[in-house]
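Protein chains: 2
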Amino acid sequence: MDIVLLGSGNVATHLGHALARAGHPIKQVYSRTRVHAQTLAASLGAEATNDLADIRTQAHVYIVAVKDDALATVVAQLPVALKGMVIHTAGSVDMAVLAATKDYGVLYPLQTFSKAKAVDFSTIPIAVEASDEAALVRLEALAGSLSDRVFRCDSQQRLSMHVAAVFACNFTNHLYAIAADILSEHGLDFDVIRPLILETAQKAMEHPPKEVQTGPAVRNDVHTMEKHLALLKVNPALAQLYRLISKRIG
Amino acid sequence: MDIVLLGSGNVATHLGHALARAGHPIKQVYSRTRVHAQTLAASLGAEATNDLADIRTQAHVYIVAVKDDALATVVAQLPVALKGMVIHTAGSVDMAVLAATKDYGVLYPLQTFSKAKAVDFSTIPIAVEASDEAALVRLEALAGSLSDRVFRCDSQQRLSMHVAAVFACNFTNHLYAIAADILSEHGLDFDVIRPLILETAQKAMEHPPKEVQTGPAVRNDVHTMEKHLALLKVNPALAQLYRLISKRIG
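Protein sequence lines correspond, in order, to chains Y and R.
Adding 403 to a residue's 1-based position in the first sequence gives its number in my numbering.
Adding 403 to a residue's 1-based position in the second sequence gives its number in my numbering.
Just so you know, the hints here were simulated from the structure itself, not pulled from any lab data.
A portion of the hints provided could be inaccurate.
Copies of the same chain look alike in the list, so a pair counts if it works inside one copy or between any two.
[What the hints assert, rightly or not] Cross-link-like lysine-lysine pairs, in silico, DSSO-like; alpha carbons within 27 Å at most: (1) Lys470 - Lys430; (2) Lys520 - Lys613; (3) Lys518 - Lys613; (4) Lys613 - Lys650; (5) Lys470 - Lys650; (6) Lys430 - Lys630; (7) Lys520 - Lys606.
Using the sequences plus the hints, can you model the full thing?
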């Protein structure tokens, strides 16, 4: 399918390259910032534009992978004449934001993307939703050319996935950062805890997390928790977080 | 070195097998529960006992890997005549608990151990501390026969490592469990988020966590956070945790 890509951030970049590798010609890349459009377009063999009025009208799919709060504005400025399906890639934006277009849908890859790091799209779960069954079937085919793990879900389920991802990814990374701070304050390198972090994630690949919960809180080891709180008393906000999560676990 | 192992839990089991593989004869295994002592001893080619009065006095090292709150009691009951070094393996117990013995130290492997899962000890960071320099050198040699990553630290640093591990391992696993609950409440399988969990941990292998923080909180994306809180309003305690961690990140 001929594709026009709108956006030049991490999702647009990784998705664009994955689509190109899967054999879909990326015809055009739009970004508000001309040089960003040009850089990504060059790497995809596509045309670049920073003007929504210049968007080609004959592509099969328009992927709008811009910041959530820019989505509605970008979609409202798409040429009226365009015929292809318009899709967005956001976890927490209802599909209804696209309702003014003819065919539309959502393709949400449940993964975190970094500029520097290549990802293997074939194992990324991709949630799809579309305006009608025919559009959904086409979207499933497109997503299926990228990943073996495509599944249907509605906007509310997608939102719940994004919330779950905030806990399991964003908040988890913050807990890693807290650990790094605590170690650093005691003259220790973050490296000493890296094997433990990886093992904890790997355990969750094989077990339901609740069944493999370890630590003083689940053992109700009050004496150890008191020692930990004594060490944290220099940072009352951190001690509060320790208490709150321990209470949830215990 | 000839070793007597006291304890039969996950740490005692994994450590016992790693020591045996490294060529240290495990002479005896003690557990309060006779059948536990017998099971572990049989797998290590050792003698079993459930009576501290029967502990052999001629070993080089006595590893006391029992529950934290049993440590002092077990150590107090060790035969007065024993000559070897007595060490414990706990993150949050001060080395001073062993001060009544002659030579003593702590060997703390910074990893989480499960009954079912084999671990490669060679990559596990091991913190060591001992009663004097001579004991420390011997302990470093013992730990060095298990792992390439042995380092010295004092009891306060070890406590800080344990606190850091609670955040980066125990609390992280609880966040995974929260994600599993949210997904389940919306008819979705935990499987959809597993690749994200692994990628998040792998990112922390290569970067300082603070530098790769993603998500609505670090972007100060208030609109998305409001949508997430709306979804969480059925569970006020969870919404409170979401707010607290987002505020720390933002």
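Hint by hint, which ones does the structure fall short of? 6
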